[in-house]
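J.: Listed in order, the protein sequences are those of chains Y, C, F and G. If you read the first sequence in the numbering used here, its first letter stands for residue 4, the second for the next number, and so on. If you read the second sequence in the numbering used here, its first letter stands for residue 4, the second for the next number, and so on. If you read the third sequence in the numbering used here, its first letter stands for residue 66, the second for the next number, and so on. If you read the fourth sequence in the numbering used here, its first letter stands for residue 6, the second for the next number, and so on.
No lab work stands behind these hints: they were computed from the structure. Take these hints with a grain of salt, some might be off.
What the hints assert, rightly or not - Mimicking SDA-like on lysine to any residue, the simulated pairs with C-alpha atoms at most 20 Å apart in a straight line are: (1) F:Lys212 - G:Asn182; (2) G:Lys159 - F:Asn193; (3) C:Lys57 - G:Leu122; (4) C:Lys94 - Y:Thr94; (5) C:Lys108 - G:Tyr92; (6) F:Lys377 - F:Glu192; (7) C:Lys126 - G:Phe17; (8) G:Lys159 - F:Asp210; (9) F:Lys295 - Y:Gln5; (10) G:Lys244 - F:Asn206; (11) G:Lys13 - C:Gly123; (12) G:Lys13 - C:Pro122; (13) C:Lys133 - G:His11; (14) C:Lys94 - Y:Arg95; (15) F:Lys287 - Y:Pro125; (16) F:Lys266 - G:Asn149; (17) C:Lys126 - G:Asn179; (18) C:Lys133 - G:Leu39; (19) F:Lys287 - Y:Arg95; (20) F:Lys295 - Y:Thr140; (21) F:Lys295 - Y:Leu8; (22) C:Lys126 - G:Lys13; (23) F:Lys380 - G:Ala282; (24) C:Lys126 - G:Asn182; (25) F:Lys287 - Y:Val271; (26) F:Lys170 - G:Leu39; (27) F:Lys297 - Y:Val136; (28) F:Lys287 - Y:Leu258; (29) G:Lys159 - F:Glu192.
Nothing here was measured: the structure is a model prediction, and the numbers come from that model.
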Amino acid sequence: MQEFLQQMVNGLSLGAIYALIALGYTMVYGIIMLINFAHGDILMVGAYIGFFSVVVLGTNIFVAMAIAMIACAVLGVVIEKVAYRPLRNSTRIAALITAIGVSFFLEYTTIFFLTPNQRVYPAEAFPVTNYDVMGITLSSKDIFVFISAVVLMVILQYIIKRTKTGKAMRAVSLDKEAAMLMGISVDKTISITFAIGSALAAAAGVMIGVYYNSINPLMGIIPGLKAFVAAVLGGIGIIPGAMVGGFLMGILETLVSGYGSSLYRDAVAFGVLIIILLIKPTGLFGKNTGEKV
Amino acid sequence: MSVMIIEHLHKSFGGLSAVLDFNAYLEEQELIGLIGPNGAGKTTVFNLITGVYKPDEGTIRFAGQNITGLPPYEICSRGIARTFQNIRLFKDLTVLDNVRIALHKDVQYPLLSAVFRSPGFFKGEADIRKEADEFLEIFNLADKRDEIASNLPYGEQRRLEIARALATHPRLLILDEPAAGMNPQETAELMELIRSIRQQFNLTILLIEHDMSLVMGVCERIYVLDYGQIIAEGSPEEIRNNKRVIEAYLGEEVS
Amino acid sequence: MRIRRKVSMLVLMLFMLSIVAGCSQGGDNGAAQQEGDTIKVGINTELSGPVASYGSNAANGALLAIEEINAAGGVLGKQLDPLSRDCKSIPDEAMSVSAALVGEKIVAQIGPLTSGNVAGSTPVMMENQIPLLAPAATAVNVTVDEKTNKVRDFIFRVCYRDSDQGQRMANFALEDLNVKNAAIYGSTSDDYATGLAKYFKEEFTSKGGTIVAEEGFVNGDKDFRATLTKIKSADPEFIYVPGYYTEVAVLIKQAREMGITCPIGGGDGWDSPDMVSVAGAEALNNTYFTNHYSVEDPDPAIQSFVEAYKAKYNKLPDSFAALGYDAARLLADAIERAGEADPVKVKEALEATKDFPGITGTMSIDENHNPVKNIVVIEYKDGNLISR
Amino acid sequence: MQKTQHFKPVQFIIEVGILVVIFTLVQYLISAGLLNQYYQINLASICINIILAVSLNLINGFTGQLSLGHAGFMAVGAYASVIMTTYMELPFIVGIIAACLAAALAGFIIGVPTLRLRGDYLAIATLGFGEIIRVVLQNIDYVNGPAGIMGISKLSTWPWLFGSVVITILVIVNLVNSSYGRAIISVREDEVAAELMGVNTTKYKVLAFVVGAMFAGLAGALYAHYFYIIKPETFNFMKSFDILVMVVLGGLGSTTGAIIAAIFITVLTAALQSFPAIRMILYAVILVTVMIYRPQGLMGNRELGRRTFGRLWGDKK
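Let's have the full structure, built from the sequences with the hints guiding it.
T.: Right, dumping it as structure tokens:
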């Protein structure tokens with residue numbers, strides 16, 4: 004039982020990170036139907052910016068995270084403007100290939116300037132304390148990751164449900180043309196969506212840096228892929244789906260490594276995804292929108 | 004003899020009944036109209052017959068066999084073909100290919116023959132081409148055979164859709180608002196066309212139409228649907244004078 | 066329409082350009098104009114893809130060595146001309162790069178790093194009779210064909226094999242640490258780590274030890290706690306963690322955080338200045354790994370290498386950098402001994418290597434083209450590396 | 006736009022003649038030692054990539070089903086053939102046949118359940134299956150796990166490569182330009198309408214998937230017997246993306262486009278070897294630029310073929 008609870012704690016912090024990344028995927032998908040494969044690499048850039056602001060500027064981790072989020076928000080907007088906007092009326096698969104290109108570009112530009120070697124988040128950036136709660140080890144990092152992720156998700160929910168921007172985002176994702184006729188600036192709304200999604204990825208990047216200490220230019224690929232799977236699991240384009248999918252993915256992975264065989268962990272994660280899709284072809288929260296004939 | 008018998012058909016979407024206890028029969032080579040106000044469930048009935056939706060209850064018998072719940076391609080191969088309210092051509096393909104795809108289900112050569120280009124393939128293709136040309140001829144589309152379907156004017160797209168449906172060799176042809184968006188002259192031509200293809204191909208035709216002149220002009224018998232239920236059935240004359248029908252339509256107009 | 070045509074032209078031109086570039090690349094088959102004044106050395110390493118950091122560090126090491134050699138007057142009075150290429154961490158690309166380098170008349174090739182990519186490059190080198198020096202390919206079958214037991218004539222390495230390392234650690238655990246049982250938790254995504262695990266297990270069990278748990282992780286993993294929880298409940302006296310520092314450092318840190326206190330061992334993949342900064346000095350106490358050298362070794366040759374590397378690349382050299390450096394220096398030495406820059410003669414000189422003073426140990430090449438050198442077991446003690 | 010097929014003996018002879026000339030010319034260059042190894046390797050890569058791109062184009066381009074698991078089928082083919090030739094020491098042809106059958110079977114097993122999914126859900130499911138194949142191979146000791154199999158004989162000679170390319174293109178072009186091909190294309194155009202016109206869309210999706218997988222398996226077999234070593238990591242999702250890039254770059258639904266793009270990407274990759282530091286950056290920039298200026302791919306969905314050449318020759322149809 005204790006072991007199980009420990010696994011759940013591990014799974015929840017991992018899941019919180021996946022959920023944050025998955026949110027960015029799902030928001031961008033919801034609004035322009037693009038699988039933004041460069042999303043994981045924005046996370047990487049965020050992790051590096053966080054790293055440099057701790058090491059060079061000497062900020063504390065929260066300020067570093069804020070700086071990374073702002074910088075990546077700008078980066079996300081620029082990427083959308085330069086690479087995705089010209090393709091908005093093209094096929095989605097062309098945009099997908101462009102996203103793969105952008106992903107390579109971010110990875111290898113970083114490698115070019117910063118070498119492919121990993122960097123280490125300084126230990127003093129975030130002092131670790133372990134709490135022993137009924138035999139379960141709770142690290143201050145777990146708490147940091149979990150709480151910041153939840154806070155960011157609550158803020159996101161607020162923005163989407165309560166603010167004008169959020170309403171505009173929902174409107175654009177439902178029907179771009181109608182939104183435009185209602186006086187909503189579609190371009191601006193899409194930019195904001197990229198900004199928010201990228202900022203969340205940056206936050207996740209800094210969290211990964213703090214949580215696992217080391218960062219490298221290719222660090223975004225695997226979490227990016229996993230988060231994408233999580234977003235699809237929840238029903239891509241659906242915000243609560245991404246959160247649930249992220250947590251589910253995190254917990255599932257920890258349980259498979261903990262009780263099954265860690266050798267097959269990735270296979271099992273994908274296997275579960277496929278089984279869920281076969282039962283619910285549009286993900287857990289997806290509506291089965293039967294085509295109108 | 005009835006070519007199709009529909010009994011107690013029921014379909015609801017999320018608790019809302021779209022079709023409720025629908026009963027109907029279609030006689031061989033009859034031309035039947037299905038009318039009713041907007042949202043009465045006419046297209047849903049078509050979708051149930053052609054297998055796009057699975058009915059919740061009820062049976063559909065066609066040519067003596069129960070076809071309820073079969074997949075659409077299976078229903079098509081039993082001899083039911085249709086057109087769509089908002090045209091659904093293969094719009095990036097040529098006019099000819101649109102018709103040839105419909106001819107595919109009766110393709111005469113096996114897959115391997117296509118891959119290895121055996122003599123059977125060339126003969127089969129020639130036959131398909133010949134037959135497709137015949138259909139295009141009938142619908143006056145022969146000289147447009149290499150045009151991309153979406154480049155055709157609206158009326159011709161409608162005609163192509165009917166040609167494509169006919170190419171599946173149906174016994175029952177279902178037309179969903181074939182005259183929608185047509186001008187009176189085009190509509191008149193269409194009426195003529197519908198009559199003549201029924202003759203030529205021994206068809207039973209079921210159509211939904213808003214254009215009353217067309218319905219009253221060509222149909223021999225009419226079903227009137229309102230709120231998913233049949234409220235009247237009879238000859239055009241009977242329907243014109245039916246109280247409930249007038250109410251349903253007037254009611255609609257008033258609201 | 067006009068714009069579209071222009072764009073098509075642009076694309077077409079790009080296409081042409083790339084073909085031309087492709088031609089100029091492999092094309093100078095008979096280009097002998099430079100033959101006189103320089104000796105071309107191919108450096109075919111992973112500069113992009115998943116193991117880019119190993120490849121680029123080794124290439125850096127090799128380039129540093131070549132720079133130093135050239136500054137000291139070169140080899141046989143000629144300058145070495147390093148041709149550095151990227152093999153994308155894919156075997157087929159490694160083969161294509163090798164063929165391109167062969168077309169440029171290299172005298173030998175350094176790299177690639179991983180055994181799989183060396184294997185991709187091997188047939189080309191064998192066919193053209195040009196020596197390949199693998200800095201860090203540790204799989205046993207890199208230099209010997211396992212089926213026929215024949216040595217691959219032109220393939221050499223400057224690192225020791227997986228079997229050597231795995232066996233060394235097994236013996237160290239049994240004899241020096243006095244443990245009776247062990248758990249294995251290594252990377253499963255590369256042959257290097259699975260090789261180490263395999264030979265460790267063989268040696269450990271054949272000498273009376275028992276393996277109580279066997280788990281694996283995948284490169285790129287960041288979270289090991291689930292499996293560690295499982296291993297903890299098996300209560301091993303020793304955990305063998307073959308893999309690279311990128312994962313291992315995090316793994317050890319998490320293990321210690323979870324209260325796993327037993328000794329932990331690993332291989333040369335652990336070697337990196339980042340180990341201490343990621344895992345923390347305290348977590349690394351009571352951990353041991355087999356290695357090629359230690360940056361903290363007071364040996365003057367090592368210290369001057371470390372200084373030079375730091376000066377040039379602004380970071381500490383890891384094992385890959387040291388092995389790349391040694392590979393380039395051994396090659397220069399062999400060319401010197403061969404008396405001329407002829408691949409076959411260089412190969413013979415390499416085979417005859419005896420007591421070459423590398424910074425990863427003094428090495429002689431044995432009949433299987435493996436270096437004979439000491440395997441150091443290094444212990445972490447409060448963040449310092451202590452040779453055992 | 007499909008033309009009606011007639012058997013045209015003269016054209017047939019000319020086409021066969023062109024193929025024979027190309028084949029003999031390259032064979033001569035190789036045996037006379039005029040084509041150095043570097044070109045030979047890139048030629049082999051081009052052939053293998055053409056097979057991969059053309060076969061994926063059948064699935065993604067003609068059938069309109071976004072599949073991201075092509076590398077998985079390639080892996081199945083590669084391993085199946087190597088087990089036959091290297092482990093069982095059977096002739097190469099047995100390996101090739103085994104590769105095709107195994108990959109086709111894998112395509113069937115994966116295709117039947119997943120092809121019910123649409124769009125991105127299908128994409129992620131196929132990506133998942135591709136990764137599952139890789140992870141499973143990594144955990145099978147019989148095929149050496151992550152280390153892979155080394156020392157595979159180089160059996161993929163020019164005749165095999167050329168023959169395989171010709172057969173792949175021929176089969177897929179012939180398939181597409183038939184009534185069956187029109188049925189496949191109708192699935193892409195409008196699945197509901199196709200179904201209502203009597204096309205069993207599931208059957209044709211699976212058919213395209215199986216045929217595509219089969220040729221990916223063929224490519225895998227050729228790859229394994231050219232590049233000496235196979236390991237699971239080579240066939241990861243990045244490899245699937247590489248193939249997808251070729252297909253989209255060439256133009257979805259254009260076989261000639263897929264061929265041109267496969268050549269283009271292979272040559273580009275080789276050319277960029279000389280710029281090790283900025284190789285991938287240049288690749289990324291070229292990719293994004295081409296996609297922005299030519300989102301429909303180099304060829305759109307048109308084909309470069311007899312008609313185009315016919316026009317060039319001033320030949321009136």
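J.: Could you work out which of the previously given hints the structure breaks and list their numbers from low to high?
T.: Hints 1, 5, 6, 10, 18, 19 contradicted; others consistent.
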